[in-house]
Amino acid sequence: MNEQEKFDKLFRKYPHPVATFSQKPHLSRRHFLNIAGTGVTASWLAGNLSAAAPVITSTPVQMQNKAKNVIFILLAGAPSHTDTFDYKDIQGTTPTSFSPDTANGVMFPTGLMPKLAGMMNQFAIVRSMQAWALVHSLAQTWTQIGRNPAGVLGNVSPNIGSVVAIEKNADRTPSQVFPTFLALNSAGAAGPGYFPASYAPFKVNPTNTGLKNTTNPDGQTRFNARWDFLHHLDDPLRVNSPYGTPLEDYDEFYTAANGMMYNPVVTKAFAYSTADSTAYGNTSFGNACVLARQVLAANQGTRYIEITLGGWDMHVNIYAQNQLPTLAKQLDNGLSQLITDLKTAGMLDETLIVMAGEFGRTVGKLTGAAGRDHYPQQFAFFAGAGVTGGKVIGSTDALGANIVDYGWSRGRAVKPEDIESTIYSAMGINWTTVRYDDPLGRGFYYVPNSDQDIYGPINELWQ
Amino acid sequence: MKRIKWLGALLACATATGQSPVSDSQCSYFGAERERFVPKPKGAESDSARLTRQFYAQSTRAGSPIRNRPYQGTQASSNLIDQYIVADLQKNNITPAGITTDYEFVRRVTLDLTGRIPTTAVVTQFVASSDPNKRATYIDSLMATSQWVDKWTMFFGDLYKNTQSNVQVTIRPEGRNAFYKYIHDSIAADKPYNQMATEIIAAKGTNSFDQTNGQVNYYPLGIVGGGPSQDIFDNQTANIADQFLGLAHVNCLLCHNGAGHLTTLSLWGGQTTRLQAWGLSAFIAKTYTHSIATPKDPNNPNASYNYYSLDAYTTDYALNTTTGNRPPRQPLGTLKTVTPDYLFTGQTPASGQDYRTALAQFVTSDFQFARAAVNYQWAQFFGVGIVDPPDQFDPLRLDPNNPPPAPWTLQPTNAALLNALAQNFIDSGYDLKKLQRLIVTSDTYQLASEYNGTWDDSYAPYFARKFVRRMWSEELHDSVITAINTLPSYTVSGFTADSTVYGVTSPGFGKISYAMQAPDVVNMPDNGGAVSQLLDTFLRGNRDDQPRKEEGSILQTLGLMNDNFIESRIQATGSGATASYVTNALALSDQQLINKFYMDVLSRNPSATEMSLVAAQLETGGAANRKNNAVDILWTLFNKVDFVFNY
Chain A
1 MNEQEKFDKL
11 FRKYPHPVAT
21 FSQKPHLSRR
31 HFLNIAGTGV
41 TASWLAGNLS
51 AAAPVITSTP
61 VQMQNKAKNV
71 IFILLAGAPS
81 HTDTFDYKDI
91 QGTTPTSFSP
101 DTANGVMFPT
111 GLMPKLAGMM
121 NQFAIVRSMQ
131 AWALVHSLAQ
141 TWTQIGRNPA
151 GVLGNVSPNI
161 GSVVAIEKNA
171 DRTPSQVFPT
181 FLALNSAGAA
191 GPGYFPASYA
201 PFKVNPTNTG
211 LKNTTNPDGQ
221 TRFNARWDFL
231 HHLDDPLRVN
241 SPYGTPLEDY
251 DEFYTAANGM
261 MYNPVVTKAF
271 AYSTADSTAY
281 GNTSFGNACV
291 LARQVLAANQ
301 GTRYIEITLG
311 GWDMHVNIYA
321 QNQLPTLAKQ
331 LDNGLSQLIT
341 DLKTAGMLDE
351 TLIVMAGEFG
361 RTVGKLTGAA
371 GRDHYPQQFA
381 FFAGAGVTGG
391 KVIGSTDALG
401 ANIVDYGWSR
411 GRAVKPEDIE
421 STIYSAMGIN
431 WTTVRYDDPL
441 GRGFYYVPNS
451 DQDIYGPINE
461 LWQ
Chain B
1 MKRIKWLGAL
11 LACATATGQS
21 PVSDSQCSYF
31 GAERERFVPK
41 PKGAESDSAR
51 LTRQFYAQST
61 RAGSPIRNRP
71 YQGTQASSNL
81 IDQYIVADLQ
91 KNNITPAGIT
101 TDYEFVRRVT
111 LDLTGRIPTT
121 AVVTQFVASS
131 DPNKRATYID
141 SLMATSQWVD
151 KWTMFFGDLY
161 KNTQSNVQVT
171 IRPEGRNAFY
181 KYIHDSIAAD
191 KPYNQMATEI
201 IAAKGTNSFD
211 QTNGQVNYYP
221 LGIVGGGPSQ
231 DIFDNQTANI
241 ADQFLGLAHV
251 NCLLCHNGAG
261 HLTTLSLWGG
271 QTTRLQAWGL
281 SAFIAKTYTH
291 SIATPKDPNN
301 PNASYNYYSL
311 DAYTTDYALN
321 TTTGNRPPRQ
331 PLGTLKTVTP
341 DYLFTGQTPA
351 SGQDYRTALA
361 QFVTSDFQFA
371 RAAVNYQWAQ
381 FFGVGIVDPP
391 DQFDPLRLDP
401 NNPPPAPWTL
411 QPTNAALLNA
421 LAQNFIDSGY
431 DLKKLQRLIV
441 TSDTYQLASE
451 YNGTWDDSYA
461 PYFARKFVRR
471 MWSEELHDSV
481 ITAINTLPSY
491 TVSGFTADST
501 VYGVTSPGFG
511 KISYAMQAPD
521 VVNMPDNGGA
531 VSQLLDTFLR
541 GNRDDQPRKE
551 EGSILQTLGL
561 MNDNFIESRI
571 QATGSGATAS
581 YVTNALALSD
591 QQLINKFYMD
601 VLSRNPSATE
611 MSLVAAQLET
621 GGAANRKNNA
631 VDILWTLFNK
641 VDFVFNY
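Heads up: the sequence lines are chains A and B, in that order. Just so you know, we're using this note's numbering here: the first sequence kicks off at 1 and counts up by one. Just so you know, we're using this note's numbering here: the second sequence kicks off at 1 and counts up by one.
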């Protein structure tokens, strides 16, 4: 039978309008009591709220609501801001090969990132951002969950992508087989916290052969025969299971996995061609950008894609050819082509691209090891989803050490929590939402302290 | 009332004869009651009749002989767990599931106690044994194995979050290995749990790499950066409160008073102040946990490695911070420093006494320490704690003789049981094996997951059936290799070989075959390779911000169906000495092959229905197809839900 018939058969079997990657939220939380570890409230045991739909509150806000999808690029290791997107030419230090040029009053190292230099009117830069902490893994997690990981709810707080996934779950249609939240080259991506597993980042590293384990080594014919026999033999334990509902729930994962196997839509989206890989710079990062474009184009339910490009932690010999110039070139090749291709495909206007490291690096002269060390001043990069091209928000002093102009309405340094708010606003998600289904029962705030309006979206990006 | 009499009658007979099932020829009490157990041909079926009919009907259930006996726990049971559980079941008129069959029991308890399925030889011998005490005897034999040590080393490694690198700090493989060795050797030596807790809380040492003193690593693992040292004391205190007292709310209280924050969550928490929580943190305030650089490695001069030392600060917990991870700490009136005060009892260190030694004494002698410990164990064996989540205790809602004011209710689902278990644990000398023995020899633990009748979720707090649980990543790995009996050999980076860099020699632990022997959950056992990636999909967490979870995922099922780890083991390859598992099995008759596959993988025989289905499959397409069919059948068994689940 062809793919469509397979899906039809599948979803005749499960007529309820539950998308492939989701569980029935909150009702399944009760079922998942039996297979959930600590961290998921056994609500009826704690005598808290019933296991029905959780209480969710928010205050009305004006959202940008321009983006259908998000691509979040984490520059792990923390790139030097003054050598890249908050460029400062330091006499006697900065290599002349960086060839800074000024376009529309914005200085940019055209020698280091020539392609991005040629498209400055297509992206915006925030130069007034500062990190809270200078420890890599702490700050990386902070950036991905939009709050202090060492705080009380830190351990159970979901990745921003998981929040987007849970919010956009209702948009999924039964024929869509991709995860809502995809993580490429991001083995260490922050998880879904207390949210159910279906909102976890689906972690994949790009290959030219497609998604791992979506074919059986003994071939499709053997696999299909095995699949049929498995259900013939095991359905008594999977349907109305005498051992309990967790086995029925597990069967749903088998069904969803089967939907991704031998599926040309999956193969097409999750494998990159040689031509594309070359166009994007022939690197793992470039390949991830190819997959990101393909997955979004497939329109199979993915709405948030996280890509990690690491290696920026250049304490030693930062300007050596194999250090900053090489990594910046990887970024330049991959990101520029991604923006270009999304634009050609007519998808850029509905895709918000966000890029940041976990903090910045020391400024001015290099250290004794010819490198740059950790520093709180940093940048953030935005493109797509109607963001005003060429916009620069905020500015720093001549060295890039301190902010001289915040550049936005809140008149203070931009924080990861503001970046988080911006993402939600762009996606039409109310960032003041509080969900009272968290394991501690104190309420999970999408953006910390939103009831006090501490953080908020950078609306200037669209002005 | 009839039900109680019936249960009592059944128990009286069972204990009198020591055998099951009960027959009226062995029990004179039954004589008078006999006619009640004959199913009535018409009219409404009585409860007892229904139960009896179902009891005997189970003899035809897939693959297993008749369930040994219906649940017989009563308040007269010798197992204190059963006494309390049955009392509640009766009070609430809930019928529990039946007792596990021998096949179900041997598989479950072997997985639970030692982290892998039993071998066919073990299952066969156990089922065949006519020893009336065979379950207890088998339990004792499991507890004497190195596998038992490995499983519980992994469990406590999870609890104490022993890992070489977390979001805040890197203790390095050397530190992680030293702590692993401490946990492993303590478990192996049957160290009383209060002694283990004392050695950890009161740890002394200046070299975290020292394998004779690995518990020193507990404090470095609690470091937080980006703030004053009070942030570190607070985090270390929060870890102690969570892991040894089941009180995660202490972490909340170290930022702010409970009032207005914990008021609806915890009766105790809502009335407790930040100052009182500081009184706990003050026990840590004179501990200076800090890193020391190892000697420079001349071959790698740019690399910098640190080990940790526990030295001493001289001042008490100061209220003088304005920055960091927690809200400012400022003087309260004239109070500028906080001295140690164990808020649950008001105990303070004796004059000149080392603070953490005092803390260890106060914590381990606290009844809550015993409660938390037994509850963490209970949660592991039963899938849910008597207080759940197990680190959310509310100290003011635990005493059934002193229940909290309305609308608060007692927090534990069986408060009397929890306290009795805790007291029992204390009386046993905080003996982990004795606690586990009490748990797994109970009828309550031995209930089947299959429930006769209509299950209602409201029965769950009464533990009226076994809640299935999915295997841990490590259990899956170890069960697959046990079933096929092909043991891999892993060279685990940072664990296998001696480490002699940095001027410190840390002995290695040699290669491992079983995932449960790994000292950590990250990149184990093949250094982040294909096996590690497969095991990660089963959500073993990272011992930091991602706890171990039992949830399912698509990546898990894709892996079970297609990953090389299982696929490579089910192929029919080789001959003679190199013959694979399936190749060897092909020499057997259909019946023998199928029985072998079922026993090796699922620890049971196929039912009559299963045998006929599988035999037909084996013969499909004739002799030429038999080899492929055998491989496909083996694949199917590994993908049955009663493989990956512990039921």
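Wrong hints could be hidden among the right ones.
[As the list claims (entries may be wrong)] Footprint (simulated), chain A over chain B, 3 or more residues, beta carbon under 8 Å: (1) 112 to 121; (2) 154 to 163; (3) 166 to 177; (4) 610 to 619; (5) 636 to 646.
If you are wondering where the hints come from, they were derived from the structure by calculation, not from laboratory data. Positions of the beta carbon are idealized from the N, C-alpha and C atoms, including for glycine.
Results of checking the hints against the structure:
| no. | hint | verdict |
| --- | --- | --- |
| 1 | 112 to 121 | violated (count 0) |
| 2 | 154 to 163 | violated (count 0) |
| 3 | 166 to 177 | holds (count 3) |
| 4 | 610 to 619 | holds (count 4) |
| 5 | 636 to 646 | holds (count 7) |
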